[in-house]
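For the sequence shown, the positions run 0 to 599 when numbering that gives the first Met the number 0 is used.
Hint data in this document are derived by calculation from the structure and do not stem from the laboratory. Glycine residues also receive a C-beta, built at the ideal position from the N, C-alpha and C atoms. One or more of the hints may lead you astray.
[As the list claims (entries may be wrong)] Pairs of lysine-lysine residues, derived as DSS-like cross-links and limited to a Cα-Cα distance of at most 25 Å, are as follows:
# : residue 1 : residue 2
1 : Lys270    : Lys595
2 : Lys529    : Lys506
3 : Lys595    : Lys506
4 : Lys355    : Lys570
[Stated by the list, open to error] Cβ pair distances, simulated, as ranges:
#  : residue 1 : residue 2 : range
5  : Met165    : Leu431    : 55 to 61 Å
6  : Lys149    : Leu207    : 27 to 33 Å
7  : Ala299    : Leu28     : 44 to 50 Å
8  : Ala428    : Arg27     : 23 to 29 Å
9  : Leu431    : Asn131    : 31 to 37 Å
10 : Thr534    : Ala296    : 44 to 50 Å
11 : Leu406    : Pro103    : 21 to 27 Å
12 : Asp579    : Arg235    : 18 to 24 Å
13 : Glu304    : Lys108    : 43 to 49 Å
14 : Arg470    : Leu28     : 49 to 55 Å
15 : Glu304    : Pro103    : 51 to 57 Å
16 : Gln160    : Pro584    : 22 to 28 Å
17 : Ala586    : Asn131    : 52 to 58 Å
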Amino acid sequence: MTTDGDVAGKNVEKLNENLAKVEELSQRLVQALAARKPSNPTLNGPSQDLVVKAAHTYWADMLENPGKIYEQQLEYWGKSVRHFLDAQQMMVRGAPIEEKEPDPLAGDKRFANPLWQSHPYFRYIKRQYALNAQAIERALDEIGEDLQPKDRKRLDYFAHQIIDMMSPTNFLGTNPDALERAVATEGESLVKGLENLIADLEANNGELVVRLADDRAFELGENIATTPGEVVYRNRMMELIQYAPATEEVHATPLIIFPPWINKFYILDLKPENSLIRWITEQGYTLFVVSWVNPDASYAETGLEDYIEDGFLTAIREVKAITGEKQVNAVGYCIAGTMLHLVLALMAKRGDKSVKSATFFTALTDFSDHGEFTPFLQDDFIDGIEEEVTTQGVLRSFIMGRTMSFLRSRDLIYQPAVRNYMMGETPPAFDLLYWNGDGANLPGRMVVQYLRGLCQRNEFVEDGFDLCGERLHISDVTVPLLSVTCEGDHIAAWKDCYRGFQQTGAKDRTFIVSESGHIAGIVNPPAKKKYGHYTNDDLSGPADAWMAGATRHEGSWWPRWEAWLARRSGKMVPARSPGDPEHPPLAPAPGTYVRKKATV
0 MTTDGDVAGK NVEKLNENLA KVEELSQRLV QALAARKPSN PTLNGPSQDL
50 VVKAAHTYWA DMLENPGKIY EQQLEYWGKS VRHFLDAQQM MVRGAPIEEK
100 EPDPLAGDKR FANPLWQSHP YFRYIKRQYA LNAQAIERAL DEIGEDLQPK
150 DRKRLDYFAH QIIDMMSPTN FLGTNPDALE RAVATEGESL VKGLENLIAD
200 LEANNGELVV RLADDRAFEL GENIATTPGE VVYRNRMMEL IQYAPATEEV
250 HATPLIIFPP WINKFYILDL KPENSLIRWI TEQGYTLFVV SWVNPDASYA
300 ETGLEDYIED GFLTAIREVK AITGEKQVNA VGYCIAGTML HLVLALMAKR
350 GDKSVKSATF FTALTDFSDH GEFTPFLQDD FIDGIEEEVT TQGVLRSFIM
400 GRTMSFLRSR DLIYQPAVRN YMMGETPPAF DLLYWNGDGA NLPGRMVVQY
450 LRGLCQRNEF VEDGFDLCGE RLHISDVTVP LLSVTCEGDH IAAWKDCYRG
500 FQQTGAKDRT FIVSESGHIA GIVNPPAKKK YGHYTNDDLS GPADAWMAGA
550 TRHEGSWWPR WEAWLARRSG KMVPARSPGD PEHPPLAPAP GTYVRKKATV
């Protein structure tokens, strides 16, 4: 007969066993951290100048009105004491105290556990965290007007990063979900969590890069990136993939997509039902896609010129040779869209008419407003990046990934970290998040050219950007253009894309705003009928006026774009198989370059 004491004893024994495993795993943790090659420390936060300026402005204001700071401190102290007394009363009464003020964290998913309201300890922790956050935000609001707008934006960003980082949900001792899971699993969740943490550190040379998806669930060419095709050309910069036709006839003019080299091209071919690549072939096009190399330190001196000459222009040349056509239609996504503008300006200077039309997906060209990237595009950070790439030869993928993630830190850093490391859960098998974690390094020289010349000095839309022996300006871009932007895009804000698009020299211009964000707004297949889009032929006014006069359309923009493209793609001809005698297949799609992981 088993007694309650026997069960309790076994539970304690199991708990002790798991805690012992934690001690063993700690040795692996130390070893993983020892392999770390940290990035330049200036990339971990703003320069002290920003903090000094903010403090000086704040205190100057307080000295003019000293009563204000005393009033605020007394209010803060009073509420802190009241929170403590309420917690004491709850412990005595055994029942929650009625809230006297609105809960500023109401609806916050981080605090959904009922214990945040019913348990004296957790209730006190939550209320004090909210009070501390309000105090920081109030101090930000009261910083004087002497602080420059960009400094205020940076200060606001970093202050809110501190607020999010210090959330009690990020720490085991103040996270009731994690503590309940640890007790329910006799500590096994802590062991699994530590194993997850160590695995992430070991996979990234000691850097903490939170895994967002179960990478064991995906295999390139097997269950993602499965559209059939062949690599038909390869050089040091890229592999050129020609996809197999899905129709008996195709438009004569081939289409070539240039994806961003910050991430990998298969975001456009995750699975058959949402693959833009597959959909394009099904509409009757000969489709080529560039798969960029994932550079290592040997690419340190590779610049934008190399991406243009050995990437864009070489790919266009080879596509023309394979198809026998004199012109191609081109697509550039994100940074590759920015670069496609430069390529078109260069081709105009050289009298090269190889591109019949160009489409841009979320492509910035006018960087006069840095938007959410303002904190990272000031001299202190760019100086740090220059030092980093001088040492490493490349901007390592985890630095770029970390920067992007901190723009949405709750969703892309803290919540996954809590789930993986404190709850001991396996990351979900989510293809989009798998792609998001499969980043690429960036060549050192290219990074500096892009950040200094384009982002900081905005030369392409100002006096011109010197590249490939020419001074290039956005007004040089004159071929028929279509730009697709995304309403909720926090990386390439649609209004900023619009402002640059207006400055092109093309007479034939079409502008579309898709609903949703940087990825979902682009990867928006018609069959899902999920996100709509906006159009307006009048591009003469500012962005707000364009949207005010725009027409909303149900469903994906893909068919609208395809109708535009079809009119510029020539007659129908027999479908083309990948390659030709001078371009034999080198490897099946998705190729070999896409498989290289970004490790330095």
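Hint check:
no., hint, result
1, Lys270 - Lys595, "20 Å, holds"
2, Lys529 - Lys506, "32 Å, violated"
3, Lys595 - Lys506, "42 Å, violated"
4, Lys355 - Lys570, "14 Å, holds"
5, Met165 - Leu431: 55 to 61 Å, "29 Å, violated"
6, Lys149 - Leu207: 27 to 33 Å, "29 Å, holds"
7, Ala299 - Leu28: 44 to 50 Å, "32 Å, violated"
8, Ala428 - Arg27: 23 to 29 Å, "25 Å, holds"
9, Leu431 - Asn131: 31 to 37 Å, "34 Å, holds"
10, Thr534 - Ala296: 44 to 50 Å, "46 Å, holds"
11, Leu406 - Pro103: 21 to 27 Å, "23 Å, holds"
12, Asp579 - Arg235: 18 to 24 Å, "22 Å, holds"
13, Glu304 - Lys108: 43 to 49 Å, "47 Å, holds"
14, Arg470 - Leu28: 49 to 55 Å, "53 Å, holds"
15, Glu304 - Pro103: 51 to 57 Å, "52 Å, holds"
16, Gln160 - Pro584: 22 to 28 Å, "48 Å, violated"
17, Ala586 - Asn131: 52 to 58 Å, "55 Å, holds"
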